[in-house]
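Colleague: These protein sequences, in sequence, are chains V and D.
So for the first sequence, numbering that gives the first Met the number 0 puts the first residue at 0; every next one is plus one.
So for the second sequence, numbering that gives the first Met the number 0 puts the first residue at 0; every next one is plus one.
Treat the hints as calculated values from the structure; they're not laboratory data.
Everything numeric in this text was worked out from a predicted model, so none of it was measured.
Heads up, a few of these hints could be off.
Stated by the list, open to error - Ranges between beta-carbon positions, derived for each pair:
hint: 1; chain 1: V; residue 1: F272; chain 2: D; residue 2: T152; range: 50 to 56 Å
hint: 2; chain 1: D; residue 1: V64; chain 2: V; residue 2: P201; range: 49 to 55 Å
hint: 3; chain 1: D; residue 1: D165; chain 2: V; residue 2: A53; range: 58 to 64 Å
hint: 4; chain 1: D; residue 1: Y28; chain 2: V; residue 2: F329; range: 40 to 46 Å
hint: 5; chain 1: D; residue 1: D165; chain 2: V; residue 2: F329; range: 28 to 34 Å
hint: 6; chain 1: D; residue 1: T152; chain 2: V; residue 2: G341; range: 24 to 30 Å
hint: 7; chain 1: D; residue 1: Y28; chain 2: V; residue 2: V3; range: 32 to 38 Å
hint: 8; chain 1: V; residue 1: F60; chain 2: D; residue 2: V105; range: 46 to 52 Å
hint: 9; chain 1: V; residue 1: F60; chain 2: D; residue 2: A107; range: 51 to 57 Å
hint: 10; chain 1: D; residue 1: A107; chain 2: V; residue 2: F329; range: 47 to 53 Å
hint: 11; chain 1: D; residue 1: I75; chain 2: V; residue 2: F72; range: 20 to 26 Å
Ideal Cβ positions, reconstructed from N, Cα and C, are used throughout, including at glycine.
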Amino acid sequence: MTGVLLAAVKVAVAFGFLMGTVIVLVWAERRIVAFMQNRHGPNRAGPAGILQTAADGLKLFFKESMTPRKAEFALYIAAPVLAVVPALLVFAVIPVGAPITIGGVTYTLQVTDLDVGVLYVLAVSSLGVYAVTLAGWSSGSKYPLLGSVRAAAQMISYEAALGLALVPVIMFTGTTSLAEIVEAQGGTFGGGLPAWNLVLVPSFVIFLIAGFAETNRAPFDLVEAEQEIVGGYHTEYSGMRFAFFFLAEYINVFNMAALTTVFFLGGWHGPRFGPPAVEMALPVVWFLAKTWAIVFLFIWVRATLPRVRYDQLMAFGWKRLIPVSLVWIFLSMVAIGVRRFGLPWA
Amino acid sequence: MAELVVFAVFAAVALAGAFVMLSARNPVYSAIGLLASMFSIAVFYVLLDAHFIAAIQVIIYAGAVMTLFLFVIMMIGVDRREDTTEPIPFQRPIGIVLALALGVLVVAAGSKAWFTGSGRFGSVDLVGTIGVVADELFGTWVLPFLGTTLLLTIAALATVALGRYDVAATEGEEGP
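Modelling step: build the complete structure from the supplied sequences, incorporating the hints.
Modeller: See below:
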């Protein structure tokens, strides 16, 4: 029974954490992009405008949810939920800190650790495409349909690269559990640099690029390109239904940054010092610091790069990213083979 | 008990999904029905402690195959009315007979062996984990596994070759 209670508490905390994160994330994005474009951004509600997102959320909550006459109602209603659920589920396996021990009982700071964690992440995040596809189709309108067809093609293409980028990480750490992948990055290389998977530079770069595409962020935001297809798949949505898509998008950005941290930046590893309470809290601080650094990169790229053309997107995904990741997997295999069995002529 | 409840719920979802897939007029709803069925099957794998297969089931079938189905349905044009006349006579009776035969087979097989959970295989913690599957795949069954990969590679190469086949360039040539 205590197990069920513990799980419920973890789920509730994770949910609250994600909601709070999204509020800060939306505000941070608007402010940072504004500063990069020599504007002020939202600065009226609360100190430095931090309550703007909460105000916007409240506004959306009270707005009327319109339904187009030609909409397929069942799927039109289901699509926003289908967008949020996978986004929340991915976070369940992300370890946000080192296991903490209180009163002789050790608690892991992740909702659950799965033996097949990496595959779970890929599986659940691949379900996110249905929300976009079905939203676009069920709206019964042409721009959403165009957006959703773009989304389906884009997400299938970059999912492959995303998965392939993780293969060397799995090969070098020898596990698919996210907690163990973080654990494996604990030491240092000869007492100097921390032993993060960041040394697998090609994997890191491919994962990050594919991550931009999977979350439909600039420069790969063709799915909702305002200038071409109005707003893409969520054109016909309003009120809370629109808010759900918005929520899912920002949770996905945070998840992708957190996963990059887990796979390549050593997760919660970092210097630990001070009294027990501080020492216990530091891993969470390191994790959040690294994750927000990647989030900042997401925002920075959005403010910097123009949108790619559709043919460029497809050519880059299939003719550059995937072949490069295949070659990199092959090289990793050779490296592991040499390390374990020695050179073939030795 | 919890296992039975989860099984009952998702068995119902799987059957409902299959029914929707067959009966829906609109191909998009058919695809969604099939998706629900496949996802429920992944849940059954989880109940049997086969986490690896469950993850693969979702990645391949729910994630890739069904997305592709939906994509193609949308590309072809989803608004076109389907031709619902049945070109094969006796299609429905044959279908019913085959379904009944399958039902009898399932009941017959089920009465001989009935699996719940993975206790039958010894340690519950190990069955279906990546390590166990990998040991089987790359140890006991390595040759069939490599044969399958070879087949898939050949199929992929053939697809590329057919896709790049230029009819105009080869029209004037003699011989095979």
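Colleague: Take the hints in turn and mark each one as holding or not.
Modeller: Verification of the supplied hints:
Taken as a hint, the range 50 to 56 Å holds for the pair V:F272 and D:T152, whose Cβ atoms sit roughly 53 Å apart. A beta carbon spacing of about 29 Å between D:V64 and V:P201 contradicts the range 49 to 55 Å that was offered as a hint. Between D:D165 and V:A53 the C-beta distance comes to about 60 Å, which sits within the given range of 58 to 64 Å. D:Y28 and V:F329 have their C-beta atoms about 43 Å apart, which keeps the hinted 40 to 46 Å range intact.
A beta carbon spacing of about 30 Å between D:D165 and V:F329 agrees with the range 28 to 34 Å that was offered as a hint. Remark: the range hint 24 to 30 Å for D:T152 to V:G341 is upheld by a beta-carbon distance near 29 Å. Under the hint 32 to 38 Å, the C-beta atoms of D:Y28 and V:V3, about 36 Å apart, fit the expected range. As the Cβ distance of V:F60 to D:V105 is approximately 49 Å, the hint placing it in 46 to 52 Å holds.
Checking the proposed 51 to 57 Å range against V:F60 and D:A107 shows it holds: the Cβ atoms sit about 56 Å from each other. A beta carbon spacing of about 48 Å between D:A107 and V:F329 agrees with the range 47 to 53 Å that was offered as a hint. At roughly 23 Å, the beta carbons of D:I75 and V:F72 sit within the given window of 20 to 26 Å.
Consistency with the previously given hints fails for number 2 only.
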